[in-house]
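Colleague: One-letter residues, chain by chain:
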Amino acid sequence: MVPFGAGTWSSRSTMTDRQPQTARRLKASLSGTNLELTGDYNQRLVYQAIRAKGPITRNALTELTGLAKPTIAGIVKRLVRSELVLETGRIYGGRGQPAVHLEANPEGCYSIGLHVDEDQLSLTVVDAVGHPVRRSTTSLPSSPRTRVNEFFQHQFIELTKGIHRERIIGLGVAMPDSMSSGRSSDGGNATNAVGLDLMALSEITRDMPIYIDSDLAAATAGELLFGVGATLQTFYFILLDVRPVGGLVMHQALFRGAHPSHKRFLFPDAELTWCRKAVAVEREARRGHQAPPEADESWVEAACNDLLPLVISINCLLNPGGLLLGGQFPQEWLEVLAERCNELLLECAPQIPSHAGIQTAHFGADVTLVGAASLPMRARLSPIGEALLKGHDHGN
Amino acid sequence: MKAPRNRFPFRSQPGSAAEDNGPSKSPPPYLTLDIDANHNQRVVFQEIRTRKRVTRSELANITGLTKPTIVNVSRQLLQAGLIVEAERATLGRGQPAWVLELNPDGAYSVGLNIDRDHLSLIALDLGGRIRGRVSAEISFALPDEAKSFVADAWQTLATRSKIPLSRVAGFGIAMPDDLGTLAFPGKPAAYSAWADIDVAGLFRSTYQGPTFVENDAVAAAIGESQFGYGLDAPTFVYILISVLLGGGIVINRNYFRGENGRSGEIGFMQVKTAADATCSLQDVVSLGALSERLKSHGIKIARPDDLTHLDGPGAILVDEWLEEACGYLTSIFAQIRQFIDPDAIMLGGRLPEHLLDRLATLCQQQQEDARSAHWIDVRRAKLSSDAPAIGAAILPFQNFLLPSLQMLERF
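Protein sequence lines, in the order shown, are assigned to chains A and B. Residue numbering for the first sequence is 1 to 396, as defined by our numbering. Residue numbering for the second sequence is 1 to 411, as defined by our numbering.
Please note: incorrect hints may appear among the correct ones.
To spell it out: a stretch of chain B is covered by chain A in this simulated footprint if at least three of its residues, at any positions, have a beta carbon under 8 Å from a beta carbon of chain A; those stretches are [said to hold, decoys possible]:
1. 104-112
2. 330-338
3. 360-367
4. 390-401
To give an idea of the chain B side of the interface with chain A (calculated C-beta under 7 Å), a few residues [to be verified]:
5. 57
6. 58
7. 341
8. 342
It should be emphasised that the hints constitute simulated quantities derived from the structure, not laboratory data. We treat Cβ as the ideally placed atom computed from N, Cα and C, and that holds for glycine.
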């Protein structure tokens, strides 16, 4: 149904060691490009262009991507046939044959996201343009394995009702760095490492490819595909949680650093009360289905006090195009925080060469959940660098 | 949005400052690299350059390109004189294979470093070796002085180094950002002339070929990534300790520029002094800060070399400064590790080599003492003292010959 080759990404056997392999590959010097791979890459590129810039004509696509007209025609034909892309309104008025406009079909494909947090589980179904169509959450599964499976099995069937199985391109699983970081070191045994019975998951999802990544990687993937990140070349993402983490996003991917398995907490030495408080307030509000209270002044002050030095350093060091705040804080609190940080940055550090705007992530508190769902989309439909690299290792 | 462009084949990089020599029919008076430098050629050339001796079948394995492509590309590289075919390897059975090698004399490049305390011009070959160097310790050289320095030095280089100037592929210029505008002790008013001058055009009377202008720390980092320790450390942060302090970030062998080219401004990062005041790193860790401190004790430093010959009170002051600098740098390194997590941090710049070595050792020592869980490799860069000038000279090579992720960036 989906015309994209999944390449090494969908192969079950390589799933758990996918991450270190990718990191290695990117570190090796760039491979040359052979045609079969660029075909896939170009198709991803065209689909991305249609999703981001649609409605768009074939001519505009040719200009935007620099691909040849016949190439565009061939790719568009395949995309339309697979219903990932729709032909919409013709524009009349000009001379000659009116141009057909192309648009991404929201129902063209779906992806499922599972967010495994320390004390809750959330599941969502996201459509092809990044709208979460359905979601559900359960809190505090006491025994991870059985509860995960019970919740997942039940909700998976519930949420995917009425969606054609072939249109679901995969399951993305996001979990905190601390839970997934053991994965790369002990290699083989995926079940123990993630505290989640993957075999049972894959029995429920049957032939669906599963993509697992850290909550930060998922959140940035979601923002890159469907959120604020889609318009930025580089940004620094701060995932606020009980223990906030952050990462640089460039070349359409989270940069994992020289030691991908190291946890990179923004405040490595302490667990901060303002973080804990905001997370608790957000959980409480969700559980009671009510709006969270406004952030009080002392909370904003404490948060800015801790964040501002980091924001100054990030600006000096990385000169990002933007600084995104997301995570399980109340949306209004995130907004207040972003606004205040912006003011204080200009006030306290006018001398530094660049001041990136601080803004809230498009998906706010749901950033990790929607992000999890965008992992399969990214791996299978986006023009990521990995799609260009040859599928073998350069050693070491 | 950037201008649309073809994915393959690539010629020069987007945003390059390369001069278009137009459709004129007579050959230009400078070397043009007569290869269609597309991505595959750059990749193959890079492998030959970094692996020293390599056969065509090894290249096919490494790059994933087909054998016929490799044969084609290597022929073009041979014709351009960028590589040579060396003796056959006689391992194993069957027809022995030819080994391909870089030809260091395949092309040359000239690099200029302009800074507040000196001017230097170097000639570099394709193998990264310095073939000639001319330097002048001039405080706050004005554009006209720089122009006549380059005109003279270029001639000196040509006669001394005996490289054919016709094979100079390009000219790179490295200088600090905001040279004319940033307030600095002792800066004459006339120095602001640098603020609105076309630097690339300034030296047109001496050299008419492709010219590139780059920030000094960026050039140093690019140089280190292609010809220094960067080959072992794909991701590193280069800290350039010159009159002020600058930095450059290389991520996965590619220079990371940031949103508007102002990444790596490490000199502006904030540190806490002993008196609990906040200041910029470059106010306390820089050649300028060190010579100010010496000056306040009546010791005058005319050139960085003078720091090596200090004795008694001067040497003690330098020791004290090194200790303090190490403290400041350690706090900055913690942040670098947090936000970038590089394989290594390289120290370079006009601070004399033995002081850079001591500084690197002190920083390592401090980390060991603190039993830091995440240890960072701090060392003196392979290209340290002339790093900006060498890096500047590498810019033309980088632009015409070496692969870059930038070419694969999205629209």
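Colleague: With reference to the structure, classify each hint as holding or not holding.
Modeller: Hint check results:
Check result for the segment 104-112 of chain B against chain A: violated, 0 residues qualifying (beta carbon to beta carbon below 8 Å, three or more required). Coverage of the segment 330-338 of chain B by chain A holds. Counting CB-CB distances below 8 Å, 3 residues qualify, and the rule asks for three or more. Three residues within the 8 Å Cβ limit are the bar, and the segment 360-367 of chain B against chain A gives 0, so the coverage statement is violated. Interface restraint, the segment 390-401 of chain B with chain A: violated (0 residues with C-beta to C-beta distance below 8 Å; minimum three).
Below 7 Å, beta-carbon pairs count as interface contacts, and residue 57 of chain B has none with chain A, the closest being about 14 Å; its hint is therefore violated. Because the beta carbon of residue 58 of chain B sits about 12 Å from the nearest beta carbon in chain A, more than 7 Å, this interface hint is broken. Hint status for residue 341 of chain B relative to chain A: holds, with the closest Cβ pair at about 3 Å, below 7 Å. Interface restraint check: residue 342 of chain B against chain A, minimum CB-CB distance 6 Å, threshold 7 Å, status holds.
The structure fails hints 1, 3, 4, 5 and 6 (numbered hints given earlier, in ascending order).
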